[in-house]
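Residue 131 in the numbering used here sits at position 131 of the sequence shown, with consecutive numbering throughout.
Since the hints were derived computationally from the structure, they do not count as laboratory data.
Don't be surprised by glycine CBs; every beta carbon is placed ideally from N, CA and C.
Heads up, none of these hints are tricks.
Beta-carbon label-pair distances, calculated as ranges:
# : residue 1 : residue 2 : range
1 : Val3      : Gln188    : 41 to 49 Å
2 : Asp50     : Lys229    : 46 to 54 Å
3 : Asp50     : Ala308    : 19 to 27 Å
4 : Asp50     : Lys239    : 39 to 47 Å
5 : Arg336    : Leu108    : 46 to 54 Å
6 : Glu359    : Lys229    : 17 to 25 Å
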Amino acid sequence: MIVPRPGNQPENPDRDDRKNVEINIGKACNNRCVFCIDGLPKREDRSYMDFGQMQRELERWYADGYRSVGFLGGEPTTYPRIVDSVAYARSLGFTRIAIATNATKLRLRHFADALLDAGLTRITVSMHGHTAELEDRLTRVPGNFEKKVAALRYLKHKQDTEGALRDGLSVNIVLNGWNAPHLPKMMQFFYRRLGLADLRVNFIRPEGYAEGDAELTPRYADVTPILVKAILLNEHHFKRTFTFGGVPLCVLPRTLRNSEALLRRYMGEYRDLSTACSIRSGGGDVMPPGQVPPGQERGRRFPSTVVAYDAAEQRARFNWQDRKRQDLKDRPPPCRVCRLGHVCEGVWKGYLDIWGYDELRPVR
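Generate coordinates for the entire structure from the input sequences, incorporating the hints supplied.
This is the structure:
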């Protein structure tokens, strides 16, 4: 059983308290996003999870008290047994069943219907632009924009007319140097043009294809005013669900970071479910390549203190909030004396490799 470390999330009485697990089906994908953290996966990582193993994994987490499950890739809709996996999760008793997807296959109505009929209750669509030019450039697949729009329109129709997706239909935007200036227009497009009610913006994690890329990875100082404008637009205009993640608290305006009501409404650390993860791994008990502790030499392998590696199943299991705090993010010197450390997770190590930490100021 994966036990989250105490205090790895700020308390929020409004958070969904169902125990959540995300299961990675493999890293094969039909997009080639310029910011993909997996880059070009190894051949063995592009193969799919055996369905028998999927059943065992679902049974394992259900027995541990988990009632919410999500399927991740790569791209989970390319998994040949994804419909069967959703149906099996429902048969076990999972009450929240989700996928995070680029949605290009969901434009095929028979396929979308099969997933919904099998028991899918939530879909998060990865979409990063409000125009074909921007979306197709970021995902490097011509025609992606139109496919995703068709999928979202159909899913919204099913939600409105049949009560499908009771746990929500959302769009996840990876905020980067190419699309950040367009965030207000993206909100207008998704909320008003498509009629959606839930947007999540995650600041780019500069690994994989985006490692070391200063063009794709904007400075916090350049992004914060855009995020503040987005929050103001939502407060006074759209009035929908809008959350963000991956931005340290100290770079936000004082009026925002000092308002617990606003933070609970907009900051992902307050809203996200406590999430366990199960991913394929040939050695999941070590930090990812390059993610070394500060001051240590590159090229060495450092054990992770939060990952449980299952050699028999070739799976790495961990709590996502713990993994971010312990392995994937860092707390430079300003963070170590900041009074908001119980809320803020720190800074992606890949960001620090590009820009350092001169923007960070401890909140005292």
